[in-house]
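J.: Fit chain V to the given chain W structure using the hints.
2 protein chains.
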Amino acid sequence: MKSVVIIGFGNVGQAFTKAIAGTDNFEVVQIFCRNGKLKTSSFPCPVTFDMKELLPADLYLICVSDDAIGEVSNDLPFRNRLVVHCSGSIPMTALSAAQRRGVFYPLQSFSPDKAVEWSEVPFCLEAEKEDDIELLTALARELSDRVYSLSSEQRKRLHLAAVLVNNFVNHLYYLGESYCREHDIPFDILHPLISETALKIQNIPPYEAQTGPARRNDQKTLNSQLLQLKGSSLEEIYKTLTTSIIATYEREKL
Amino acid sequence: MKSVVIIGFGNVGQAFTKAIAGTDNFEVVQIFCRNGKLKTSSFPCPVTFDMKELLPADLYLICVSDDAIGEVSNDLPFRNRLVVHCSGSIPMTALSAAQRRGVFYPLQSFSPDKAVEWSEVPFCLEAEKEDDIELLTALARELSDRVYSLSSEQRKRLHLAAVLVNNFVNHLYYLGESYCREHDIPFDILHPLISETALKIQNIPPYEAQTGPARRNDQKTLNSQLLQLKGSSLEEIYKTLTTSIIATYEREKL
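First to last, the sequence lines map onto chains W and V.
Counting in the numbering used here, the first sequence runs from 3 upward without gaps.
Counting in the numbering used here, the second sequence runs from 3 upward without gaps.
As the list makes no split between identical chains, a pair holds if one copy fits it or if it spans any two.
List time: in silico PhoX-like cross-link candidates among lysine-lysine, alpha-carbon distance up to 20 angstroms:
#1 222 <-> 158
#2 41 <-> 20
#3 158 <-> 232
#4 131 <-> 4
Bear in mind the hints are in silico, worked out from the structure with no lab data behind them.
Keep in mind that this is a model prediction, so the values were computed, not measured.
Excised from the complex, chain W in its bound form:
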């Protein structure tokens, strides 16, 4: 049995504690929590509020906010143990060089009121030592079917790609919904199309899945839609994305 200490007991720390309890080969032996006001009895495992009392363990999983990762790892009262953080946007080298460093990043948003479907969560792993990557892989495989090994540089790039396909996409949903509301159209008419678009690209490359007036370079429809948007805050977004789609498929003619 491999032992894990969870450092930080917010949404991520709590979700990991629960998940690791369900594995065959790993156990949480201790939780470290900075908030000394909480009652010891409210934790599912032995808890400490004092770093000096940290137990020896095979893995220390730092689950604090991005800004605190460096400081917390510098405060650890030991050397040369496997210490990993769980952040998508922080490089492995933000951790104290006194430890064997690594990253155990689940690409997933955690919320306290929603149970995590671990088996579908992609894990991005990184470590300095080969043995440590093996231990992280073993843990990730007990939780999920989707385990990837990525460098800090790749993880940073992945984070940007996620901004495109998640944050920007959600904003387009918001703009579509606002536009429907403005014209008294129930937005749920578009729900099936939204699901279909998201599922389609899991089977067909998005390059081939593209449809619409910009894809066809249908100037009549494009001009008529631009006229509908004249002077609104949507106008620039419409122009920018339309130009990008046209340019994407212009290239194929060359």
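T.: This is chain V only, laid out in the frame that chain W set:
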């Protein structure tokens, strides 16, 4: 039993013929097809290649390409019957004024190799006469649980909203995938996040579902990501959408 004549036998006409055959109260009594080269035996119902032979019917469903709708409706050799088209972007008034006009628009992409899940397809209906709306509603309800009554103006607006949440969203998937490919990251890491984002807004308004650096106005991350994109074709899209997200949530502070 209400009788339907299908005019045009492309993807849409074929899909409707099949679907109507499965209803309790409607039947396809005839198909009109312009392509006289096809064999009569290849049609599932009586077929004609000559408009003068069109049978009397309760409903004529025009399933030809957008550009041909006006011409085909003008060629019909009768007056004052219920004639509808199935297009999202063409106004009802494109149909000949000699008929009782209407629209029967399924918001769905049709492809010959994929069976349509009709029960989930939203139908947008329009007609000049109250009785005709009732007949169209009865037919749509036999096919789908999602039936809406929209004016031509609203349908045109809906079409633009669909460009935002389908065409533009798909292009962002393409850009995310290209960016991953460039940096040797398997795009399928992002598949679960893409599905989650699309499903989330069917329960939570997209305004509330928004996350990411632009939502938090996290200038450090925004600048670092812009630096990654410097000089690439993604730069302007990143700037435009980030500015729009920041402006959206700035408003709430006022």
